[in-house]
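Going line by line, the protein sequences match chains G and D. For the first sequence, the working numbering gives the first residue as 1, with consecutive numbering after it. For the second sequence, the working numbering gives the first residue as 1, with consecutive numbering after it.
No lab work stands behind these hints, which were simulated from the structure alone. One or more of the hints may lead you astray.
[As the list claims (entries may be wrong)] Facing chain G, according to a computed beta carbon distance under 8 Å, are these residues of chain D, among others:
| hint | residue |
| --- | --- |
| 1 | H28 |
| 2 | L32 |
| 3 | A34 |
| 4 | V47 |
| 5 | R50 |
| 6 | E53 |
| 7 | T89 |
| 8 | D92 |
[Claimed, not checked] Cross-link-like lysine to any residue pairs, in silico, SDA-like; alpha carbons within 25 Å at most:
| hint | chain 1 | residue 1 | chain 2 | residue 2 |
| --- | --- | --- | --- | --- |
| 9 | D | K63 | G | L30 |
| 10 | D | K63 | D | E42 |
| 11 | G | K150 | D | E53 |
| 12 | G | K216 | D | M52 |
| 13 | G | K150 | D | K63 |
| 14 | G | K150 | G | A223 |
| 15 | G | K150 | D | F17 |
| 16 | G | K214 | G | E172 |
| 17 | G | K216 | D | V55 |
| 18 | G | K150 | D | E42 |
| 19 | G | K147 | D | K63 |
| 20 | G | K56 | D | V55 |
Heads up, the beta-carbon is just placed ideally off N, CA and C, and yes, glycines get one too.
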Amino acid sequence: MNLAYTLRLADDAMIIGHRLSEWCGHGPVLEQDIAVTNTALDHLGRARSLYQYAAKQFNAMPQEEKNQYFSSVALQSLVETGADIDEDDIAFLRDGWDYRNLLLLEQPNQDWAYTIARSFYYDTFNYLFFGAMQQNADSELAAIAEKSLKEVTYHLRWSSEWVIRLGDGTDESHQKMQTAINELWEFTGEMFTMDNTDMHAVQGGYGVDLNTIKPKWTDQIAAILHEATLTLPTATWMQEGGREGRHTEQLGYILTELQFMQRAYPGMEW
Amino acid sequence: MTNDKLNKSEWPLWEVFIRSKAGLDHKHAGSLHAADAQMAIENARDVYTRRMEGVSIWVVESKHIQASDPDESGSMYDPANDKIYRHPTFYDLPDEVKYM
């Protein structure tokens with residue numbers, strides 16, 4: 001059963017995709033406005049593939065299990081009718097506690113440096129994660145990983161080059177980049193915490209052992225920060241909770257905007 | 001990197017050439033701003049190839065393009081107007097020869 005595992009990966013993609021899409025029409029220059037929006041759409045596309053797969057797994061479960069699975073009223077009332085659910089139901093009808101994305105990804109854009117730092121941490125993780133996931137025993141996850149890796153390779157190049165450009169730029173850009181790197185650092189530990197869902201996934205042959213990618217992630221981050229003349233943060237205390245549905249206040253604002261239309265006008269299409 | 005590269009108002013202009021598929025020529029697609037050649041290629045990738053328009057990109061800083069002077073178009077181009085014999089339209093081409 002990969003449902004929990006699939007859902008958390010889908011939520012990661014959905015929330016970072018939404019955050020990056022907030023730059024649409026607000027980018028610092030036209031060319032970067034388009035670049036960051038392209039990237040947002042890559043994440044959203046991955047979210048769709050994963051939500052579709054999650055819906056397929058969910059719909060195949062016995063009705064009693066389905067009734068217990070989510071604790072969001074809007075989605076529960078739909079599930080209890082016995083109807084199949086789809087990708088949109090999962091995205092639009094779950095409340096914050098049913099979202100399992102990393103806390104890092106829901107943090108606000110703030111300025112260009114924060115946006116870049118958040119993507120830099122996540123893209124580096126994603127590159128290693130999907131690289132490993134290509135060998136997955138689950139053919140659907142492996143296929144999504146293979147497609148994603150090409151996109152993620154470009155995302156990583158983009159965010160790494162911006163870290164270097166701003167870090168090794170003016171005094172002001174250096175200082176802003178270092179601040180963003182420092183401030184978001186406490187959200188990076190959660191990426192590598194192996195909880196029960198991860199353990200089951202690894203034992204089941206369809207998950208990635210996060211312990212194997214953590215040292216590679218640290219090396220890669222350190223190398224780019226060094227090139228950017230920035231300092232690698234050393235703080236060891238880390239924020240956690242996203243994987244259990246305990247979020248920062250930021251997720252509520254995202255879902256309010258993201259879900260408004262479907263909550264106010266259920267089933268609406270355009 | 002020098003400071004002026006981070007100042008958006010001073011990012012130089014680049015001309016972008018896209019090859020739509022292997023074997024065809026690079027064609028001028030448009031222009032954009034970028035701090036350096038690397039960024040120009042990446043911006044061109046995002047601005048001009050996101051709808052599958054290309055398989056290869058060239059960029060050149062616009063200031064390196066030398067253009068002909070419009071005021072000289074009379075002496076530059078008009079003399080070709082009555083040299084119709086320069087067109088290969090007086091030959092019968094075999095069907096096997098394409099793209100002429």
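The hints, checked one at a time:
Annotation: interface hint on H28 (chain D) violated; nearest CB of chain G at approximately 17 Å, more than 8 Å. Residue-level restraint check for L32 (chain D) holds (minimum Cβ-Cβ distance to chain G is 5 Å; threshold 8 Å). At its closest, the beta carbon of A34 (chain D) sits 7 Å from a beta carbon of chain G; the interface hint therefore holds under the 8 Å criterion. For the restraint placing V47 (chain D) at the interface with chain G, the shortest Cβ-Cβ distance is roughly 5 Å, inside the 8 Å limit, so the hint holds.
This hint holds: R50 (chain D) has a C-beta 6 Å from the nearest C-beta of chain G, less than the 8 Å allowed. A cut of 8 Å between beta carbons decides the hint on E53 (chain D): the least distance to chain G is about 13 Å, and the hint is violated. The closest approach between the C-beta of T89 (chain D) and any C-beta of chain G is roughly 44 Å, which is over the 8 Å cut-off, so the hint fails. Annotation: D92 (chain D) was flagged as interfacial toward chain G, and the flag is violated, the nearest CB pair being 49 Å apart, outside 8 Å.
Distance check on the hinted pair: K63 (chain D) and L30 (chain G) sit about 21 Å apart at the alpha-carbon level, within 25 Å; holds. Of the pairs offered as hints, the one joining K63 (chain D) and E42 (chain D) holds, with about 19 Å between alpha carbons and a cut-off of 25 Å not exceeded. Using a Cα cut-off of 25 Å, the hinted pair K150 (chain G) and E53 (chain D) holds, with the two alpha carbons roughly 18 Å apart. At roughly 33 Å between alpha-carbon atoms, K216 (chain G) and M52 (chain D) are farther apart than 25 Å, so this suggested pair is violated.
For the given pair, K150 (chain G) sits about 34 Å from K63 (chain D) by alpha-carbon distance, which is inconsistent with the 25 Å threshold. Under the criterion of a C-alpha separation no larger than 25 Å, the hint pairing K150 (chain G) with A223 (chain G) is consistent with the structure, at around 22 Å. Our distance criterion of 25 Å between C-alpha atoms is met by K150 (chain G) and F17 (chain D), whose separation comes to about 23 Å. For the hint linking K214 (chain G) to E172 (chain G), the alpha-carbon distance of about 31 Å lies beyond 25 Å, and the restraint is violated.
The hinted pair formed by K216 (chain G) and V55 (chain D) fails the criterion: a straight-line CA distance of about 32 Å is larger than 25 Å. Taking the CA atoms of K150 (chain G) and E42 (chain D), the gap is about 15 Å. The hint holds against a cut of 25 Å. Restraint check for K147 (chain G) and K63 (chain D): the C-alpha separation of about 39 Å exceeds 25 Å, so the hint is violated. Among the hinted pairs, K56 (chain G) with V55 (chain D) is inconsistent with the structure: their alpha-carbon atoms are about 36 Å apart, more than 25 Å.
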